[in-house]
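*Asks:* Next come the chains, spelled out residue by residue.
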Amino acid sequence: MPRLDRDKQRFSVNTFVAAMLALYLAMSIGLERPYWAIMTVYIVSGPLAAAVRSKALYRFLGTFVGAAGAVLLVPLLVHAPLLLSLAMSLWVGGCLALSVLDRSPPSYILMLAGYTCAMIGFPAVNQPTAIFDIAAARVEEILIGIACAALVHSLVFPRPVGTALRGRIGHWLGEADRWALDLLRGELAQLDRDRGRLAGAASEIQLMARHLPFDTSFLRETTAVVRQLRDRVLVLIPVLASLSDRLAALRAITPELDPELRGLLAALAAWIESGAPRARGAALITELETARTSMSVRDWYGFNRSSLLTRAIELVRAQADAHALHAYLQDPEGPPPRLFGADRASEHRPLHRDLGLAALSGAAAFGAVLLCCVVWIWSGWQEGESAAITAAITCCLFAAMDDPVPAIRKFGLYLVAAMVLGALYLFVLMPAISGFPMLVLVLAPTLLVVGAMIPDPRLAFPALSVIVNLVNTLVIQDHFSADFARFVNINLSQFFGVFAAVLVTRTLRSMSAEVSARRLLRHTWGDLARVAAGREEDSTVDLASRLVDRVGLLSPKLAAARAGDLKGLDILRELRVGIDLASLRALCSRLPPPVTAELEVLLDGVGARYQARALGVPVPPEQPLRAHLDRLLGRLARGDLAATGARGLCALVGLRRNLFPEAAPPAPVVEGAA
Amino acid sequence: MSGELNLFGVYLHAELVTSTIALALTLVVNRVLIHFGLYRHLWHQALFEVAVFVILWALVVKLSSSWLL
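Order-wise, the sequence lines are chains A and B. So the first sequence is numbered by numbering that gives the first Met the number 0: it starts at 0 and just counts up by one. So the second sequence is numbered by numbering that gives the first Met the number 0: it starts at 0 and just counts up by one.
Same shape as in the complex, but just chain A (with noise of 0.2 Å):
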């Protein structure tokens, strides 16, 4: 039995006053189903206050859209039913396709927009002229929901995202510390240790900072600072796994290392553990490049030091703007801090989106809905508008998972505990009491309770389940007595929603862990072609972004699985291909031209690879490519090495590894030889 604190206590008496304050009001002036009210303010409540006020934008404008959507449809095609059908049934579709494309906060509102129309419009179609006035009951039935919800949860001991966020950042730099210094100092045991966590951890930072402008404390004020440190973050996990990887290297042809590279090493990981200081930070840089350039770059282990100390100096600037940007989080009082890279980041960074998943939940939603209408049409059963909804909640709710079917099979389950106390009030306790202090009475043993589950993310889901359909249910005796065949229909006509929302999503798009990690390597390498082939616009950031995001959601998918293939794989080695491909590209007008062209040609070989791969048709074969890497690295590493040109070996290198990591290190290059 999870511990009961101060703050599920908390959360769960404030969502109750904020759901009774609303059905008071709701009461009040009159509006016909005041349940909605206490719905609405549980489905948006949640223990952080400024995601309550995000997800109460979005709800409300995601509830606009599909009652626009309902009043635009409905009376238009209400004497065609199964036209009505087919145009809900694609609304539904196509609002959840475009919801599920975007994984960030703001696509609720499109999610919304699809369900909110189906349960506005379905239970008008027996009244089509009165189908403006019921959409605008609703909406304001959920804006007064809405409307109690933010403002209790803002007032009443709000807890800010802003220091949410900033423990998680600066837990996150802590774990990135840790992990820097266990590669520094060759800690081989410790590096071992999940490191793709990091990275789903990175898009957790991401998501949340959504929320950071609706916050509850000045800490809104710092919404562009945390988009800076964001960018760190994303460099930071690219840089640190090239450097692991680099150190490997070296470490495999000369275990101890030379001399200096050692003390600089030393050196790094006492500056990692002083916290990173900026004035130090550009004293280690100098002394990075320096012993870049002082030692002659002549065979394989010359070119990994000479990447690996790029990767450092790297390091050593994301670290040191983390840091600095960090500390000014926690205290941001005075000026902000001097930063060696850019102090401008764009608003938002690009996750990984999937348009043939999309498309699928899209389908399923039609499937479903579709499925229950027609059935509703033909039998001619008058509660089947309920299993329409319900179908079309499910299939939402549940779209961004890889298999939905087992929650929506739990939803169903949740249902019959809901159906249960559901008729315990509708037919034992409401029949037994008069007026509003009684009903409060009688409603608050069973929401504080389930409410004070909702903080819990293990209990959040079948709470909130059992809260919204027990309120579900309550709504019917604003309209009739409680009549219990009429209770029994609905009940009925939901399971039948659940059953349909089951069996459409698990013919069209179910999918195990192990496929859904395909599907991602797929989608990375197909990005990783379009890097390598020039056609990608995004910058270096937004692509680290996008790659990151997707080892954050393959860590846990791949420990899941059990084919062989899947275990063991080095998720972080795309990202490093895909970080280097993304320099050379860069690189390309900037070289000599005939360094350029040859370039040009091994690019495009790798990208053939990797569109290979994606495409699931045989790869090229690998030698004649690593052979011309080899010349190329052979070409840069004998020409004079600007800053350019050290970038250029440096992400060479880092391809050599990542693409062959099983070969034979070239040849040391021979002064002078063609």
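Hints are not guaranteed to be accurate.
[Said to hold, decoys possible] In silico negatives: residues of chain B with every beta carbon more than 10 Å from chain A:
#, residue
1, VAL27
2, VAL28
3, VAL31
4, VAL49
5, ALA57
6, LYS61
7, SER63
[As the list claims (entries may be wrong)] Not everything, but these chain B residues come out facing chain A in the computed CB check (under 8 Å):
#, residue
8, HIS12
9, LEU15
10, ARG30
11, ILE33
12, GLY36
13, TYR38
14, GLN44
15, ALA45
16, LEU46
[Unchecked claim] Label pairs and their computed distance ranges (CB to CB):
#, chain 1, residue 1, chain 2, residue 2, range
17, B, LEU62, A, PRO331, 33 to 41 Å
18, A, LEU447, B, VAL28, 34 to 42 Å
19, A, ILE432, B, HIS34, 45 to 53 Å
20, B, LEU62, A, MET429, 38 to 46 Å
Treat the hints as calculated values from the structure; they're not laboratory data. Heads up, the beta-carbon is just placed ideally off N, CA and C, and yes, glycines get one too.
Once you have looked at the hints, place chain B on chain A.
*Replies:* Okay, now just chain B, sitting in the frame of chain A:
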């Protein structure tokens, strides 16, 4: 003041309309205050926001009843 407001032939609760206007105004005022960095000097910012909203709502209702309705 209570009753319904005729908005382009659509009848809506007057409270709904006035409060939406007041909310929009509150957001604008908030933007300005955030820009000037006032919020870090406040004890309970959400409470302050609600107070601003209530004041603006009262103003909107007052003005709308004398000018519009």
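*Asks:* Quick check for students: does the CB of VAL49 of chain B sit more than 10 Å from each CB in chain A?
*Replies:* Given a closest Cβ separation of 6 Å, the condition is violated.
*Asks:* Hint validation: LEU46 of chain B versus chain A, beta carbon distance must be below 8 Å. Holds or violated?
*Replies:* Hint on LEU46 of chain B: holds, closest Cβ of chain A at ~6 Å, below 8 Å.
*Asks:* Double-check ILE33 of chain B for me: the hint is only fine if its C-beta lies closer than 8 Å to a C-beta in chain A.
*Replies:* At 6 Å from the nearest chain A Cβ, ILE33 of chain B passes the 8 Å test, so the hint holds.
*Asks:* With chain A as the partner, please determine if HIS12 of chain B meets the hint condition of a C-beta pair closer than 8 Å.
*Replies:* Status holds, d = 7 Å.
*Asks:* Regarding the assertion that ALA57 of chain B does not contact chain A, is the least Cβ-Cβ distance greater than 10 Å?
*Replies:* holds, 16 Å
*Asks:* Holds or violated: 33 to 41 Å for the Cβ distance of LEU62 of chain B and PRO331 of chain A?
*Replies:* holds, 37 Å
*Asks:* Under 8 Å, Cβ to Cβ, is where TYR38 of chain B needs to be relative to chain A, so tell me if that hint holds or is violated.
*Replies:* Status holds, d = 4 Å.
*Asks:* Just to be sure I understand the hint, the distance between the Cβ atoms of ILE432 of chain A and HIS34 of chain B should be within 45 to 53 Å; is that true here?
*Replies:* Given about 51 Å between the Cβ atoms, the range holds.
*Asks:* Per the CB criterion, is GLN44 of chain B less than 8 Å away from chain A?
*Replies:* Status holds, d = 6 Å.
*Asks:* Taking 8 Å as the limit, does the beta-carbon of LEU15 of chain B come near enough to a beta-carbon in chain A?
*Replies:* Since the shortest Cβ distance to chain A is 6 Å, the answer is holds.
*Asks:* VAL28 of chain B clear of chain A by more than 10 Å, beta carbon to beta carbon?
*Replies:* holds, 15 Å
*Asks:* Range hint 38 to 46 Å: satisfied by the CB atoms of LEU62 of chain B and MET429 of chain A?
*Replies:* holds, 43 Å
Violated hints, in rising order: 4, 10; the structure is consistent with all others.
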